[in-house]
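For the record, in the sequence shown the residue sitting at position 322 is 322 according to our numbering, with numbers rising by one throughout.
Any given hint might turn out to be false.
As the list claims (entries may be wrong) - Ranges between beta-carbon positions, derived for each pair:
(1) N305 <-> Q114: 48 to 58 Å
(2) D76 <-> R211: 19 to 29 Å
(3) R74 <-> M212: 39 to 49 Å
(4) K42 <-> E121: 24 to 34 Å
The set of hints was computed from the structure by calculation and includes no laboratory data.
Quick reminder that beta carbons are idealized off the backbone N, C-alpha and C, glycines included.
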Amino acid sequence: MGSSRTRNLQVFDTELSADTVEWCPLSHYAHIVACGTYQLQKDDEKNPSRIGRLYLFQFDQQQSFTPPLTEIQRIDTPAILDLKWCHTEIYERPLLGMATACGEIQLHRLKDTQDGRCALERVLSTELGPNRLALSLDWSTGRGDSSDPRVVTSDSTGSLTVLSLAEDNLSAVSQWKAHDFEAWISAFSYWDTQLVYSGGDDCKLKGWDLRMGPSSPTFTSKRHSMGVCSIHSNPHREHILATGSYDENVLLWDGRNMRQPLSETAVGGGVWRLKWHPVHEHLLLAACMHNDFHILHCQQAADGNEGPCPILASYILHNSLAYGADWSRLPLSGPPPSSPPTETTPASLTLTEPKGHLRIQYESPTASFDTSLEDECGRYIPDHTTAVSAPAPVPGVGDNSASLSCLLASCSFYDHMLHVWRWDWSPETETQSAETGPTPSS
C-alpha cells in the first residue's frame, strides 16, 4: 500500500473568520499567499455590517530557525467571500481578484517594495449592483491565455456577471439572473472561455454559452440534491469538470455529456471549494466544511471507469468549518521534517466523527448566506461513520513521478485559523486486486 501523510508546518490566527486562501500561481511569486476573512458585526440588529481583512504572506522554507510563513501586509476591507489570482501577469504584474460582501469586485496588483518584499495595492473595482453580496469569482486565464482576461462572478441575488479587463478598466460585459436564491459559485471552462458554469442554492448546476447570450442555459442539472457551491474546470484535461455541493458529494463530469456524472464521491461534508492541482491533472483538493480537507485521485473516473475517486489523504487538524484551500506551485526542497507525522493516511481510510466542529446550517436550500455562515447554534454530530475504500493500486501522478511532495494552505471559519501544511505521497506501484468498501450513506 502506498504511503501518504500530511504534516502541519505552521498555524496563523487571522482574528476574523477565515474563508478563502490563494497561493500566487506565477512562478516568480509562488512564495506569496493571500488569505481573506469574513466577520458579521451584529451591533446593529437591523443593519449588521460585514467586515473583512485581506492578509498577504510570504513563505520561505530556507529559514531553519523561524516559522516559514511571514505576514507582510494586512488590509481592512469589506467582508471577503472569495479570492482568485489571475493565472497570468496583467500589465506585467500579478493581479488578485476579490469578491466582497458589499457587492464589489476589487482588483489588487502585487508590487515589489523597497525592503525586498511585496505588497498589494488596489487598482480597479466595480460594483455588481445594490443589495447583493459577491459570492465567488473566476478568471478566464486558467490555461495561461492572457489575450482577453475576463472575470465571472456570482452573487446573492442569483445573478452572474461577466467582467472584461481592458485598457485599465473593469467593466460588466453581461449580467443575468441565473439561479433562484444565492448563486454560490461561477467558473469558466478554461478550454473554451465562452462557456461558463454556475451553481446555486436552488440545487441546480447550469452551463452558459456567452456567444448565445444568457437567455437560457445550455444545460441544467439537478444531479446534486442540495445547493451547488463549488465548480472547477480541469486546466490540464479538456472537458473534465469537478463540482461539489452541500449534499456532501464531489461529482466529476465530462462537459460533453452533462446528463450523468463520471463519478460520485462521498466526502462526509459540504464541499465549499474544489481545486485541481496546478501540475498533476488527476489530483483534486476538496474543502469539506464540517469534515476537513481531502485530496482525491481522479484518474480512473476521468478515464471513464465507474466508481468513486480514491481519497489519498486527509488533513484533519482544523477545528472548525473547512472553507478555503489551495495548492502552492512552490517546490518543496529536502526531505520532510524529522518530527512524527501529524497523520498517516493509507489509500483506504475511514472518515471518523469530527470533534467539536460547529454545525453549519444548510439544511434548507433557501437558507440565507448569513444563516449558512453565521448560525453558531448546535454542534454537528454525524449519524454515521463514512468508510471510503480506494481501489488498489492507485496510479502514480506521472510517468516520472515515484513520489510527490506538495505545499498547501487551508483556512477554517469560526476558529479563524490559517494552516500551511505539506503532503508527501509515495504511490503504490504493484498490482493488487481492488477491494470494495461499504457504500457511503447519504
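Open item on the list: To test your reading of the hints: which numbers does this structure violate?
Closed with: 2
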